[in-house]
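Asks: Sequence:
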Amino acid sequence: MCRHLAYLGPPVTLRELLFDPPYSLLRQSWAPRDMRGGGTINADGFGVGWYPGDGDPVRYRRAQPIWSDPTIAQLAAVTSAGAVLAAVRSATVGMAVLDSAAAPFAEGRWLFSHNGVVRGWPDSMVPLAATLPVRDLLTLDASTDSALLWALVRHRLRAGIKPARAVAETVTAVAAAAPGSRLNLLLTDGRTVVGSVAGHALSIRGTPASVLLASEPHDDDPGWQAVPDGQLVEATATGVRVRALAEV
1 MCRHLAYLGP PVTLRELLFD PPYSLLRQSW APRDMRGGGT INADGFGVGW YPGDGDPVRY
61 RRAQPIWSDP TIAQLAAVTS AGAVLAAVRS ATVGMAVLDS AAAPFAEGRW LFSHNGVVRG
121 WPDSMVPLAA TLPVRDLLTL DASTDSALLW ALVRHRLRAG IKPARAVAET VTAVAAAAPG
181 SRLNLLLTDG RTVVGSVAGH ALSIRGTPAS VLLASEPHDD DPGWQAVPDG QLVEATATGV
241 RVRALAEV
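In terms of full-length UniProt numbering, the sequence shown is residues 1 to 248.
Mixed in with the good hints there might be a few duds.
Unchecked claim - Taking CB as the label site, the calculated pair distances span:
1) 74 to 224: 26 to 36 Å
2) 224 to 247: 23 to 33 Å
3) 224 to 58: 19 to 29 Å
4) 243 to 68: 38 to 48 Å
5) 223 to 34: 14 to 24 Å
6) 73 to 179: 37 to 47 Å
It should be emphasised that the hints constitute simulated quantities derived from the structure, not laboratory data. The beta carbon of each residue, even a glycine, is placed where N, CA and C say it ideally should be.
Input sequences plus hints: build the corresponding full structure.
Replies: What follows is the structure in structure tokens.
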């Protein structure tokens with residue numbers, strides 16, 4: 001399991017998203033409230049990606065617990081952005097713990113994160129992995145289920161498939177190949193966010209000018225709304241659409 005979030009709206013400091021809330025990602029790294037049997041802490045790395053203007057995103061990823069890296073705390077205090085994707089990681093037993101295994105994964109303007117686990121890894125994914133170009137398999141960020149999920153989504157994006165459908169098709173295919181998998185994905189280009197809810201929790205808090213999607217609410221604001229399982233979220237800073245994965 002992991003914990004992740006995506007934010008779109010007026011610029012805020014990374015500190016306001018990652019550190020300041022009472023149930024922030026920092027706290028979720030050592031005291032998550034809803035892991036659903038997927039571990040007890042998220043200490044196997046972390047990452048944050050943000051968009052400094054109209055260009056491609058910048059990332060900071062480490063294989064250590066977020067609480068043990070003083071650099072991210074200093075960076076977060078002075079870095080503001082209007083689009084952010086961040087995650088803390090709980091590695092599945094046997095999977096690599098490396099900087100490159102931590103979300104967000106990236107290409108061009110895209111940032112991607114996975115909260116969950118692929119059951120039967122790696123054998124269950126052999127047929128789907130075989131649909132990818134060999135070069136994509138040879139250049140995975142890490143030998144992990146999340147990195148392969150990113151490769152499957154990215155392959156669809158490169159083929160011109162719209163982001164919502166790319167995520168929905170990937171979740172559907174992996175769920176069929178590996179029943180019981182938890183496949184909460186977040187994908188953003190800094191303007192929109194697509195999130196799937198399949199086997200784990202996702203909540204949304206929106207305002208007239210911003211939206212925050214998170215594995216679990218980071219405060220007790222009554223504006224948080226839980227997204228039902230089997231749904232796909234498409235969000236901008238000013239609007240949210242939720243529909244069944246099967247309808248995308």
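Asks: Give a verdict on every hint.
Replies: Tested hints:
For the pair residue 74 and residue 224, the beta carbons lie near 29 Å from each other, so the given range of 26 to 36 Å is met. For the pair residue 224 and residue 247, the beta carbons lie near 24 Å from each other, so the given range of 23 to 33 Å is met. Here the CB-CB span from residue 224 to residue 58 is close to 28 Å, well matched to the stated 19 to 29 Å. Distance hint check: the CB atoms of residue 243 and residue 68 are about 40 Å apart, consistent with the given range 38 to 48 Å.
A hinted range of 14 to 24 Å holds for the C-beta pair residue 223 and residue 34, which are about 18 Å apart. Between residue 73 and residue 179 the beta carbon distance is about 40 Å. The supplied range of 37 to 47 Å therefore holds.
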